[in-house]
Amino acid sequence: MRCTEPRELVQAYLDRELDLARSLEMEQHFRGCATCSEAYEEGRRLRTALNEGELYFSAPADLHKRIRAGVRDEARRGARPRFSSWRATAFGLPAALAAVIALSIVPLFRRPMTPDLLVDEIVSGHVRSLMAEHLTDVASSDKHTVKPWFDGKVDFSPAVVDLADHGFPLVGGRLDYLGNRSVAALIYARQKHFINLCVWPSSHEETRGAPEVSRHGFNLIHWDSSGMTYWVVSDLNPAELEEFAGLIRDRMASAAR
Amino acid sequence: MREANQRANFEAIVLPHLDAAYNLARWLLRDEHDARDVVQDAYLRAFRFFDSFRGGDSRGWLLTIVRNACYTWLRKARPAELQVSFDEESHGRGGGGSNPEENLLRNANAQSLKDALERLPVRLREAIVLREVEGLSYAEIAAVADIPIGTVMSRLSRSRERLQEFLRVSNGKEV
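Sequences listed follow chains A and B, in order.
Under our numbering, residues 1 to 257 are what the first sequence spells out, in order.
Under our numbering, residues 1 to 175 are what the second sequence spells out, in order.
Treat the hints as calculated values from the structure; they're not laboratory data.
One or more hints might be untrue.
[Said to hold, decoys possible] Derived DEER-like restraints, expressed as beta-carbon distance ranges: (1) A:Arg22 x B:Asp31: 37 to 43 Å; (2) B:Thr72 x A:Ala253: 49 to 55 Å; (3) A:Asp137 x B:Lys76: 46 to 52 Å.
Since we're looking at a predicted model, the values are computed, not measured.
Yeah, the Cβ is synthetic: ideal placement off N, Cα and C, and Gly gets one too.
Working from the sequences, and respecting the hints, build out all of it.
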């Protein structure tokens, strides 16, 4: 029997681009349609093969240095004529105000939402952890190694779960400092992407909504649950990051029960 | 002082996406040295146009610049690659518009999935690399490649058909 569902719809399901209602419809459809469910399985097989193919080319180590040097020269060379007009046109801020704001790097950019210093701190922490090669203080994929490591370093005991079976292996843990307090950062990987999960005790007992924020190409998801606050940050795409957050929420909830 | 701030902002916001930039350039150009040169140039360009960046998705912003730099470079150095892919794409859908035999021939020399991916026409390769290797969403790919989401979907679909075909053939060989 030929199926009339467009092939792109199966693909969009595979890529997590469908909304919830459409996803459920597709799942229902797969049960009755061998053509589409085989197409979906084939898509999954290709994805697995691509994941295992070591297809990511990381930048050569010296390129980072060369670009920084190039940018420095460029800034010096182009400084006089370009930047005098640049500042006025780019931000239209009075000089004094610009000088004050420029002291902190990220808030320089206008953004639609209310300034949220915590979000900036979390993104900065994430970027720092990747750049300074200080991703983990304790590197281990074993939750029984990572969890006890936090004892005595933070005044709470974060639950640690492994999601390797869902394609998000635990990489390790790190101590971070956010919003004037020490927090536990758990690091997970998705292929070449790293996800920082920051956890600390919350004043909100109940789970509130999980607003998603995007900042400078990084996506963040936040929620409160069982007296803890969770922030997830990564350059992973929103759909897969939402999948990760959903898994963490489920596991944490069943761990608390 | 102001230049120093500008540079610090740039380094904090754009430099972290260097791997993404290099990965895209390396896949589009299929050459380590070309990718390195083009990425370095693209970064300088990005720095010069940094005032046009108004916050938001800095990775997408950078990747757009890198992608354009790659195409400019290809147009100058290897125009045939763009020409061929355009012809292949202008055909309808279903196996990229070509017959299965032709696909087999095209992939006959591919040793691995990596080879097969490298043999895809550049625009199909771009779509699948951004999705499967870099992990971008349809909307993000559409923005970087400056195409409608429908085109993203059809390019992905055609890339996948060809790669799946390669997997079928290479698995068949092994058995």
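*What are the numbers of the hints the structure violates, in ascending order?*
none
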